[in-house]
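Participant: Here the protein sequences line up with chains A and B, keeping their order.
So that you can map any letter, position 82 of the first sequence is 82 in my numbering, and since no number is skipped, the others follow by simple counting.
So that you can map any letter, position 129 of the second sequence is 1129 in my numbering, and since no number is skipped, the others follow by simple counting.
Think of the hints as simulated: they come from the structure by calculation, not from any bench.
Backbone N, C-alpha and C fix where the C-beta goes; we use that ideal spot for every residue, glycine too.
Careful, some of the hints might be misleading.
What the hints assert, rightly or not - Pair by pair, the computed Cβ-Cβ distance ranges are:
id, chain 1, residue 1, chain 2, residue 2, range
1, A, 382, B, 1159, 13 to 23 angstroms
2, A, 414, B, 1063, 58 to 68 angstroms
3, A, 14, B, 1159, 44 to 54 angstroms
4, B, 1063, A, 329, 52 to 62 angstroms
5, B, 1129, A, 26, 12 to 22 angstroms
6, A, 332, B, 1105, 38 to 48 angstroms
7, B, 1100, A, 21, 28 to 38 angstroms
8, B, 1106, A, 360, 23 to 33 angstroms
9, A, 372, B, 1155, 48 to 58 angstroms
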Amino acid sequence: MRKKTSWVLLGIAVAAGGVLSLSGCLRDTITETRKYTLYTPVYALKSSILAAINGDPGQTIAQPGQIYIKDNFIYLNDVNKGIHVIDNSDPSHPVQKAFLNIPGNSGIGIRGNILYADMYSDLLSIDITDPGHAKVIGHLFNFFGYRTYGIDSTRVIASWIVKDTAIVSLNPGRGLYLAPGTTYYTLDPAAAYALSNSTAQTSGNTGIAGSEAMMTLIGNYLYAIPEEHSLGVVDIRDSTHPTLATRISAGFDLETIFPFQDKLLLGSREGVYVYSLANAAVPVYSGQFQHGRACDPVIADQDYAYVTLHSGTSCGGSANELDVLDAKVVTQASLVKTYPMNGPTGLGKDGSLLFVCDNPVVKLFDASDPANLKMLSTLAVNHAFDLIAINHLLLVIGDGGLYEFDYHDPGRPVLLSHLPINTTKS
Amino acid sequence: MSLRILLVVAGCTLFAGAGFGQRSWKFRSDNYVGIVAGELGNYGQVQTVNGLYKGPWFVGIGTGLDYYRFRTVPLYLSVNRDLFGSKESSGFFISLNGGTTLPWFSGYPMPYGIQSRTFSPGFWGNGGFGYRQKLSEKTDKAFLFSISYGMKKLSEKQKSLPPLCFGCMYGPEQQTTQTYEYDYVNRTFLFSIGFQF
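Based on the sequences and whatever the hints tell you, model everything.
Facilitator: Right, here's the structure in full:
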């Protein structure tokens, strides 16, 4: 009996070994169905597009993007469509004065009465002395190389035909890849404003950008990221003929650009590259520093940087927090304290007040002691993603449009106005 | 689908030749730990099947944990039949298991650019043979050894992250959320050992 059992067990063991060794012959099947929204560009002559940028009547806001303020005007990017020019002389009653129909637009910079904007791969200079009769006065074609969609240099994409489609494939690649996170840095708007207007020989003041700026104006030059690995410097002394001063290989996966002290900080997915502006026409690499993961902006004053990290973006990362860093030596920033958040994005600072978009609210902090932030109040702005705070006026961009608040009493900010977006599909 | 048909046909054939009527139905519990081997490699599996037996037949409800590709909880009907009149002693048996498997998704990393992953249950089944080594003639307690071939299906839907708009450096063609759907058909061998009581 025992002998029989031994033979049976031996047989089972052999069978098991044989079967498991044959498992390499098995093949799993994976059917992948990818559902895309297919965009087919509709081209138009560039000359006609440029001629049409003449200050259309104000339009409703479809997809708010970057925000920029100068004097009594707000310039609000409508992603890939153009720029809303809003008279904000009375923040309680902002008036949409004009719309600059610039296809492919995302960035804004203004010096004096000249607005610089991207139109896909082209940089345009537009005279906005009278926004209702704006006029393109100069251009630098093919400056933003990463957005070249043209079939030839005489045409530009005027619109897109949108169509949903699905692609089915069998046994696609199955490797999981976790991307390193990204941190973006930008400057306290007031400090940026002071710096960018401090350089001599300028022919007009600049405005203030939100925490998502992709181009900046300092002195006689416009600095931008023409493609994700390089920094472009454009000489704008003659606004009718913006000319490329230099283009340098500046880092990897560059996304944002902003001035800090006497330097340029280039935000990338790997960290921040620091460039000296001792020679404004030719920035020189002077170091870099790293910080945590996530694609969110950072603001910095003279001593501290404030970083928001949030999960749920293609940059990876799972943290939802506000980090305060000691940035007295910008290339050696060190963590001071971490504050838990819900899902923070854009932020701004005005004096000792810190403002953080933390869906579903905007939080106001007393940042007199960065190691001990005290929350003063919250503002209900759903999906707010960027803001500018200056001189007791807070502008917030969210999915619902543009909101303006008065924070003379930071404990009780007052909603002054709201410009809603147009929720109907165009 | 072919395995499902095979299971049904085999089950009907087995029942057609059944020899019921010798004793009343009695409770039995079969509990296994095993190795699932397939294209991806070797993974663990635990199962417990609890049901009734009469003569050479055993019918029970099974559940457990299956770690192949994704952790899932199978829930299935199990039918076993002893072979060669071995109901009173040690001997071989064949088994058929079929049902569904419920995803137990947590802790898996998100693929690049993906914000959510949702899984849907799918067919789970296997068929094979085993050997029961009774501890003695007077007890139903026994060691179990089993080898089977199985299939585990799952479907997954991934939703991409909304695009980043810091700098809004992307064209509109990159500014929509996309969905990816995957239908997994996993084919495996299972070797397991267990205890019956």
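Participant: Please check whether residue 1106(B) and residue 360(A) have a Cβ separation lying inside 23 to 33 angstroms.
Facilitator: holds, 26 angstroms
Participant: The hint says 52 to 62 angstroms between residue 1063(B) and residue 329(A); measuring C-beta to C-beta, is that right?
Facilitator: About 60 angstroms separates the Cβ atoms of residue 1063(B) and residue 329(A), which means 52 to 62 angstroms holds.
Participant: Could one say that the CB atoms of residue 1100(B) and residue 21(A) fall in the range 28 to 38 angstroms?
Facilitator: Taking Cβ atoms as reference, residue 1100(B) and residue 21(A) lie about 30 angstroms apart, which means the hint holds.
Participant: Regarding residue 382(A) and residue 1159(B), is the given constraint of 13 to 23 angstroms on their beta-carbon distance met?
Facilitator: For residue 1159(B) against residue 382(A), whose Cβ atoms are near 20 angstroms apart, the range 13 to 23 angstroms holds.
Participant: Within 38 to 48 angstroms or not, the Cβ separation of residue 332(A) and residue 1105(B)?
Facilitator: holds, 42 angstroms
Participant: Could you see if the CB distance from residue 1129(B) to residue 26(A) stays within 12 to 22 angstroms?
Facilitator: holds, 18 angstroms
Participant: I want to verify a distance hint. Is the separation of the beta carbons of residue 414(A) and residue 1063(B) within 58 to 68 angstroms?
Facilitator: holds, 60 angstroms
Participant: So the hint says 44 to 54 angstroms: do the beta-carbon atoms of residue 14(A) and residue 1159(B) match that?
Facilitator: holds, 48 angstroms
Participant: Starting from the range 48 to 58 angstroms, see whether the pair residue 372(A) and residue 1155(B) falls in it by beta-carbon distance.
Facilitator: holds, 50 angstroms
Violated hints are absent here; each numbered hint is respected by the structure.
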